[in-house]
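Trainee: Chain by chain, the residues run as shown.
Number of protein chains: 2
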Amino acid sequence: MGAALAMTAGAQTAPPRDPGFKAIVQVALVTRNIEASAQHWSALLGVEVPKIMTSRPGNEVHVIYQGKPSNARAKLAFLSAGQVQVELIQPLGGGSAWQQFLDEHGEGVHHIAFNVQNLAQAESEMKALGYDAIHSGRWDSDNGDYVYFDSTKALGLVVELLHGDPKK
Amino acid sequence: MGAALAMTAGAQTAPPRDPGFKAIVQVALVTRNIEASAQHWSALLGVEVPKIMTSRPGNEVHVIYQGKPSNARAKLAFLSAGQVQVELIQPLGGGSAWQQFLDEHGEGVHHIAFNVQNLAQAESEMKALGYDAIHSGRWDSDNGDYVYFDSTKALGLVVELLHGDPKK
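Same order as they appear, the protein sequences are chains A and B.
Be aware that the first sequence starts at 61, since it is given in this note's numbering, and climbs by one per residue.
Be aware that the second sequence starts at 61, since it is given in this note's numbering, and climbs by one per residue.
Please note that the accuracy of each hint is not assured.
The list treats identical chains as interchangeable, and a pair is accepted whether it falls inside one copy or across any two copies.
As the list claims (entries may be wrong) - Lysine-lysine pairs mimicking DSS-like chemistry, simulated, CA-CA at most 27 Å apart:
| id | residue 1 | residue 2 |
| --- | --- | --- |
| 1 | 135 | 111 |
| 2 | 187 | 82 |
| 3 | 111 | 128 |
| 4 | 82 | 111 |
| 5 | 128 | 213 |
| 6 | 111 | 213 |
These are computed hints drawn from the structure, not numbers from a lab.
Here the structure is a predicted model, which is why all the values come from computation and not from measurement.
All chains should be built: construct the whole structure from the sequences, respecting the hints.
Mentor: Following this line, the structure appears as structure tokens:
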């Protein structure tokens, strides 16, 4: 099995990837009760209970879900675990990849994220690998884009690309 | 909501944790077809297709599942993604936390892992947080222990503790 795979492996001939794909920077879970999840995760990691934020309404931060504008919101919390940030997400209604996951799978890991250097190029790379964008938006109206890809069937989870605005 | 949480946060008074809890070192997915998953993940990360290994029979590597010896095996593959290793697991029969996840949830993220310094102490810490061991074993008969904990309800995933044998 290993030998057959080695023969078909295309790693040597694959085009170069955005350097951001070298490191997973986020593991994100969808939860029904973010206050409880934040307590459990802070106790596990031995860090302070994180502040819980509410994202701005989707129409203010350009949320597109399945090709259409969505007013989705979510409660969010972030904890540090080394190179990786643990993100907790509780959907608050409106069409979103978060609510879709909760409906289809229940609570659990929704996505991992990569910090990419060139978002348009990295999106093309994801497209070339067969992954379509399913949900995108801005972290805030003032900074940063995120894009989720429909990669669950092939990879077992959603891939997110993150890209901060250039510093002014 | 944030203020109420801050008032109840016990982070300051919590006992010190094993330093291993500071960093997530592994994100592990259960798959039904590890050859296909290995191809998809190597293309995503831009790394070579990993070799696929088969774990030794559970009775040779001391697998205990739900309190009883199990002869569970799995196909395994590992890819590097910065500080984090992506582990792919295809259960090959026998009672295991991997097969249980596949039966209950289908494919997806099964666990994250921490490399702990003192396994017995870290297990006590997990117990104090309310998490029972559900599956444990050796990576190999010659090196290293792993323990999975029943943390899915509180944390949305299984937590694994890893501990290598002292160098001889």
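Trainee: Could you check the structure against the hints above and give me the numbers of any it violates, in ascending order?
Mentor: Of the numbered hints given earlier, the structure breaks just one, which is hint 3.
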